[in-house]
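Assemble the complex: chain C is given as a structure, and chain Z must be docked to it using the hints.
Each protein sequence line maps, in turn, to chains C and Z. Count along the first sequence starting at 1, add 85, and that's the number in this note's numbering. Count along the second sequence starting at 1, add 584, and that's the number in this note's numbering.
Everything labelled a hint here was simulated from the structure, so no lab data went into it. Be aware that a few hints might be false.
[Claimed, not checked] Some, not all, of what chain C presents toward chain Z, calculated at C-beta under 10 Å:
#: 1; residue: D93
#: 2; residue: M116
#: 3; residue: A130
#: 4; residue: P131
#: 5; residue: E137
#: 6; residue: V156
The structure presented is a predicted model; accordingly, all values stated were derived computationally and were not measured. Beta carbons are placed, not taken as given, at the ideal position from N, Cα and C, and that holds for glycine.
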Amino acid sequence: MHSLASIDIGSTTQVVDISGEDSTSLRLLEMGLTPGVEVTVVSAAPLGDPVELELRGYRLSIRRNEAARVVVAN
Amino acid sequence: MKLTVALLGNPNTGKSTLFSALAGIPTRIANYPGVTVEEKLGQFRHRAHTIKLIDLPGAYSLNAKSPDEQVAVDVLHGNLPGIEQPDCIVVVVDATNLSRNLYLVSQALAIGKPVLVALTLCDVAESKGIHINREKLSEFLGCPVLRLVAPRQEGIEHLADALIESSNRSGQTHPESLKSHLAKTVNSDRPVASAEAIARYGWIDEITKDVLSYSAQRSRSLGDHIDSVLTHRLLGTVVFALTMLSIFSSIFWLASPLMDLVSEGVEFAAGLAESAIPDGILQSLVVDGVIAGVGGVVIFLPQIAILFLFVAVLEGCGYLARAAFLMDRLLVGVGLSGKSFIPLLSSFACAIPGIMAARTIENRRDRLLTILVAPLMSCSARLPVYLLLCSAFVPNVAVGNSWIRLPAVVLASMYLIGVLVAAIVAFILSRTIFRGPPQPFVLELPSWRWPQFAVVAERVREAAVSFLKNAGTLILAVSIVVWALGSFPRPVLEAGANPETAEEQGEALRQSFLGQAGRLIEPVVKPLGWDWRIGCAAVASFPAREVVLGVLGVIYNLGDVDPGEEEGAGMLIRQLRAATWDGTDRKVFTLPVALSIMVFFALCAQCASTLVIIGKETASWFWPLVSFTYMTALAWIGAFFVFQIGTALGW
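Just chain C, same shape as in the assembly (with noise of 0.2 Å):
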């Protein structure tokens, strides 16, 4: 499985689900990183931390331990 942090730049996959059960993979899920939903990780900081995705329409920034709570497609 894979999750959103280890996707290179530029690529675009699928979410599959959101790991946990706390408000932090709800705070995910009401932002849009629900299951089905297309994301592209457009870039990230200079440090390599947090990451800029992309997902219905607008561009979200979340860090990377964030983005290993979302488990996409291969």
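Same frame as chain C, now just chain Z:
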């Protein structure tokens, strides 16, 4: 007829612009009871109806994760004392990302009050090739959907009309389609909230399939191009550094002439008072107490206004989020987050607007930490002290074989010390007292748009008024107290002595409460290498550190020293160099002593205005007390070590 309307929406959707367009300047900005979230109310009339408008804080969801969102929820449900439940809810929706914005709409529809959807940023959406079928959307949602282009006030009339119409509706029905999606969650093994979130997006996906369409040629917009540069690892960082540098320096350059203007105004007022009021205590109170004290505060108004202008423009166009994105990793390392960057940077000019800027940090813990370390960023009021002491006591030699001069190195070190100590304090606090589960850094990078003039102007006006009102009232009181302590008891002069001479003024100060206090604390400051005069000046500087040079001038019998004047500064430097310990020939000001004074000023909380603002922003008296205590302790410790080590090393 009266109507109460709430403006709800995601951050960055142009709610504030809409608020301004409808209601103009807010009639009330205050804190919601018990929290530091700001309440913004306005009022306007339309077709013989009076409409009260509540601008709710930006929220991504009504499952509140921050005080901001909690307030929005409470107001919408009528749970906040003193605020009536809105009769109607306007959800401001960003047309450039309909999908995510509809999430909040889906939650608002469940409240039961009539809902209106106001589509904003339609021009930006159209330029990106995004088309929204409003009629179909309205059908799906079961509520009116209006198109707004707020800068030109297109659609505002229709919105106001629709608001009045909504009062005739019986309430909001939950769309059947949404209900059926939500019903499916009963069988899920996820937590309820997560299952619901997924169900809501399922409903949203169904809607957007029908309602959203893209132009055949969806080319990259200008915004996309700008973004690829600005978030680029190398280029982005360079642009970022240059931007921050120019903001920082322009605060000094731009503010300078304005500050001179204010300064002249203050002097003019002082002159007027001197000629109008006969010599004596009253004149002294007005001129040396009130005008000097309040003038010392008002002079920072240009800096604050300019700083807020920049912050408002950067926030309005969307750059602030990108700055937080770039700096996050670095700041996380010391226990803060990317959003602390702008507040901390601003504090190099003046901690007051910096601390006020920390409102953009929703995470309570991060915000508090930022506010606590912000005063450690060496503000512009410390600069005159650094400059004077560096030029007087740091040997003007080159470092090693380079072109770098030692005084410059010492100056830079003072700034660096503040930053390092702040990093250490933040690091320690975040691992101990403020330890907590890591808050998610989920930050939207909004699409580029032109900042709205009305909103920017409003932010600057708010900041200026707030600064003048709050800092001005307390600092006025404190100035009078310090003046009183320095003027009483009245000096016992020798017969025939002229009280106006510099010498007599110095003597008067020595005999005053302030002077006595200075001598009282001498044992405490001796380990720092200071004598009672320096201690006295430091104590007098506690309300506002900028007075220190003036006080030193008086104590050393120069009368008031204007550090800006060449002569005055030169004289003071000579006097300081010649100063000796009472009754001996030993010089007071050695290099370690000068360094210890600078370090003390670098780390100490000598600014009543800052403490007042901290109190206001944290809605408590506890945190200003904590700031004052820990910073004074750190200042003493730092000064102690610098002096002792410096003396031991024979500097």
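Hints, verified against the model:
1. Of the supplied interface hints, the one on D93/C is violated, with its beta-carbon coming no nearer than about 14 Å to a beta-carbon of chain Z, more than 10 Å.
2. The interface hint given for M116/C holds, since its Cβ lies 6 Å from the closest Cβ of chain Z, which is under the 10 Å cut-off.
3. Annotation: A130/C was flagged as interfacial toward chain Z, and the flag holds, the nearest CB pair being 5 Å apart, inside 10 Å.
4. Here the hint on P131/C is kept, as its CB sits about 5 Å from the closest CB of chain Z, short of 10 Å.
5. Contact between E137/C and chain Z, as hinted, is supported at the beta carbon level, the nearest pair being about 6 Å apart and thus within 10 Å.
6. A least Cβ separation of about 14 Å between V156/C and chain Z goes past the 10 Å threshold, and the interface hint is therefore violated.
The structure shown violates the earlier hints numbered 1 and 6.
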